[in-house]
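Visitor: Here is how the chains run, residue by residue.
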Amino acid sequence: MLLKDEVEMLRRVPLFSGVAPAKLKLLAFTSERVSYKSGQILFNQGDPADAAYVILSGAADILADSPSGEIKVAEIEHDSIVGEIAILCDVSRTATVKANSPLEALRISKDHFIKLLSDYPEMTIEIMRVLADRLSHTTTELSEARSKQKQHAAK
Amino acid sequence: MEKSLTRYIWSNTRLQQIWILIVVAVSMVPYFLSFDLPKQIVNGPIQGTGFESPGATQTFMRIRFNIPYMGEVTFFNGLELTRFEMLMALSLVFLLLVIINGLFKLYINTYKGRLGERMLRRIRFELIDRVLRFPPSQFKRVKSAEIATMIKDEVEPMGGFTGDAFVQPALLGGQALTALVFIIMQNFWLGMIAAAIVAIQGVIIPRMRKRLLELGRQRQLTARELSGRVGEIVEGIGAIHGNDTSNYERADIASRLGLIFSIRYDLYQWKFLVKFINNFLAQVTPFLFYSVGGVLALQGRLDIGQLVAVINAYKDLPGPLKELIDWDQARQDVQVKYAQVVEQFNVDRLVDPKIQALAPAATNRLEHSLHAVNLTVSDDSGAPLLNHISVEIKPSETVAIIGNSGSGAEALAEAFARLVWPDQGRITIDGADLLELPESVTGRRIAYAASDTYFFHGTLRDNLLYGLKHAPLTKIEYEGAQAVKYKWNLNEARRAGNPELDLNSDWVDYTSAGVTGPDDLFKVVRPVLDAVMISQDIQDMALRSLVNTATHSDLTDRIVELREALRKRLKKEDLDDLVVPFKLKEYNPQATIGENLLFGTMKRPMMTNRKLAAHPYFRSVLRENDLYIDLYLMGLEIASNAVELFQDLPPDHPFFQQLTFMTADDIPAYQILLQKLQGRGIEAASPEERSNIIRLSFSYIEPRHRFGLLNDELMAKIVDARARFHQNLPDDLKGVIERYDPKKFISSATLLDNVLFGRIGFAQADGSDKLRDIMRDIFNKLELFESVLSIGLDFDVGSGGKRLTNVQRQKLNVARALLKRSDYLIFNRPLPALDQRVQDKITHNIMENLHEEGHSPSIIWVLSNTGLAKLFDRVVVFDNGALVEDGTHATLLQKNGVFKQLAS
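So the protein lines, in turn, are chains U and Y.
Quick note: to get the working numbering, add 4 to the position in the first sequence (first position is 1).
Quick note: to get the working numbering, add 276 to the position in the second sequence (first position is 1).
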């Protein structure tokens, strides 16, 4: 796959849709192109976070440890980014990501990602938007779950 | 050490000094004969005295002596020679005397020089010997660079002085005295005048020189301090950069240099003032002769012939006198230097030489307990670190010492290792004081490792086995010229008071390490390296290094087998796309275009990219098929891509790390090049511009850079060029380019490249980590891991081991202590640079595996992690310099004491 194809794919990732193609090309060039086999681990829960991954093709499971063993939290598909939260707030990986099909990804190292954000405010705003979106989503889910719990208790 | 240099020289070179005095005395005979001869030649054959009548002859070389009681004895009747023959004969005698005088001079100077060099060698050795015997506390006070300057520079003039120490004053003094006596004989009062002036010179000049000597002493001290400061700057460069204090250091150095300058300038002024006065006094004497002598002559009290004779004789006085005074100055100068140096090396409580005596035989095991009796240790400020501690460590007992830092736990370990000497009390083994035991016992039967490590410049192997090098164990038989040289070396060493130990001998004490020789050394080295978890690092070092095919043929001969095993293994694990192998007929997409063209490695530094690119043969290969045009166009594309991507970025942007084929500074230059050349043919570019463009294509790797510039046709062209390149490779390139050959070990490529014989795919996630594990496994299966370790042990650790990481150094430090197989192993928080988890693992490894293995030493471990105490037979707890608890892990846990607090 060539740089320009990668740029096309990056443009389809919502996070990068607002970024100029020239910048995306630079991002693609400075990132590492990695391929995984089905079942291979991108990163493990608890690892120190050093990079974010843009899935170019294939899909991966997001797994989290729980008292009852590992559970699948979500699945991600191509055109999505994974692992960006941990590098933004310097925490270790909050979940394990495992390819469930042959997977191609761009590995953006932490330093490069941070540098990109500081160089391109539009990307930062986009990231904020995505994160805020997720937060409001989570908040809604949480309040729903709480009210359900209350109802449950009331009964 | 002897405080007076003269006495030191005399006591060490007495016989030689007497010999050289005798030789000098004998050399005076031809010297004075040669004075008389010219007169004879001129008066005799030239002016004709004695040859008045034609055909007259004279006797030449009649040797006849008047011997008491025997009358006149004639040894040689002599030859009757004519005037011409006589001239020739006397001239030849003159020539002969010149040669003899020259030979005497040659012999005397060489002899004195050799004497001086031996003396220098002796002094230097003696000083270093003293450094080796300094008590530990001394090293807190001295700077290493200062000691080095003292040994290297400050004693140097002593060598030169040694040869002249006694000969010079005897010779010059004799000459001066003769001249003086001669003057006195001519005229008593004029003689007295000369003697008085000499006496004034002898009194005033040394007085004035006192100040010179004082200045000389200051010069020496300031210069020594300067080198100490330079040493500090080099060692503390990190602290200087980290604190932005480089200008403070500059100021300090400048002020020191200023001080040195003022001292030296002062010295310079005084020196010439003294010289002036000296010369003046010397010239005053003839003035007195002329004036006083002249008056006396006018008054008729002195006859003119006497006056002329006195003035003539006086000519011979100032020369030797001046040299004598110079000699005296040199003597005092050297004496001051010597005294300065000796003062620094005369240290109290120097280790007795007996304690460090050479002991080639194996030392017996220590089968008695290590007792600390009423031990008190203080730090330099006098604060007590240990307060009247008594403790006994039994052989084979494992003891954990617990305590916060400053509790005294570390001080006890250091005292056991003889690194600090007790203020009161002592440490004994079987009643003998530890400090009085020879180092051949303590240095072999007790091993110590703490967090501060020291590695000597050399290979990893040298450093790992350092703890086993106690004495030369093999006797090397030298043959032929080497035997002569060796004998000469020994002789010289003896004469300069140096030891006669052969450094080339094998010093490694294999037996005490538990093996028979160098061949089965890995039997013990490997478990130790595994235990401290460094074998992986050493494998990595081996993989990254070039292999000496002569010394490691056990591995290099099996390279084909290794490569095959790796391929098979990768296939089995379904990882065959991890490594793209080199194939002669195929393009390797994971390698650069340059690598694909060359299909081999260059022997650096004889061959470099630049040299190859300029080579006519290489150029001719590229020119065929117009490959260079393809590469040129490709280079232009790469340049335009790079410029497009990077032109807006500031030069220090981290993204530039990814730009492997140019630097940030190159971007503007290529931008200009592109404007000029884009859209125009290759003809538009100058040769230099062409090579700048083509160069870019050589570093291109399609899967990595992904510009889409490589197609099948171009790849085929490159493979074709490769074949042509290697087909008619000229001889000068053959020697410096090694072609990739699947059947051969490539000596100019790293071990990793040799085993892989290909390139790791860029897109492979965690490719190198996976390969590292697989390779280790393969090395093990083929029983080559020890060879790999052996290659890794060739790694040069750099000055002070600085090419190793701190973690590696601490691990190796522990490994080195373990290899000695001592009876008492003392670990004083040896691994603080490591993660707690790894520290625990290594402690477990050592306590569980090594202790089980037959030889069971006593282990005394100052632990950082209290949790590990349960691995030990006994736990000793320190607090505030006192031993507060002592017992097994279980009993101490039950007690509600300090240990329980620390453990929780």
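There's no promise every hint is true.
[Stated by the list, open to error] Here are the simulated SDA-like cross-link-like pairs (lysine to any residue), alpha carbons at most 25 angstroms apart as the crow flies:
{"hint": "1", "chain 1": "U", "residue 1": "K27", "chain 2": "Y", "residue 2": "F937"}
{"hint": "2", "chain 1": "U", "residue 1": "K8", "chain 2": "Y", "residue 2": "K419"}
{"hint": "3", "chain 1": "U", "residue 1": "K119", "chain 2": "Y", "residue 2": "K419"}
{"hint": "4", "chain 1": "U", "residue 1": "K114", "chain 2": "Y", "residue 2": "R982"}
{"hint": "5", "chain 1": "U", "residue 1": "K119", "chain 2": "Y", "residue 2": "M277"}
{"hint": "6", "chain 1": "Y", "residue 1": "K419", "chain 2": "Y", "residue 2": "V300"}
Calculated from the structure, these hints are not laboratory results.
Visitor: So, for every hint listed, does it hold in this structure?
Guide: Checked hints:
1. K27/U to F937/Y: holds, 20 angstroms
2. K8/U to K419/Y: Given that 25 angstroms is the threshold and the Cα spacing comes to 62 angstroms, the pair is violated.
3. K119/U to K419/Y: violated, 46 angstroms
4. K114/U to R982/Y: Roughly 22 angstroms between the alpha carbons, so the hint for K114/U and R982/Y holds.
5. K119/U to M277/Y: With Cα atoms ~66 angstroms apart, K119/U and M277/Y exceed 25 angstroms; violated.
6. K419/Y to V300/Y: violated, 44 angstroms
Violated hints for the displayed structure, listed by number in ascending order: 2, 3, 5 and 6.
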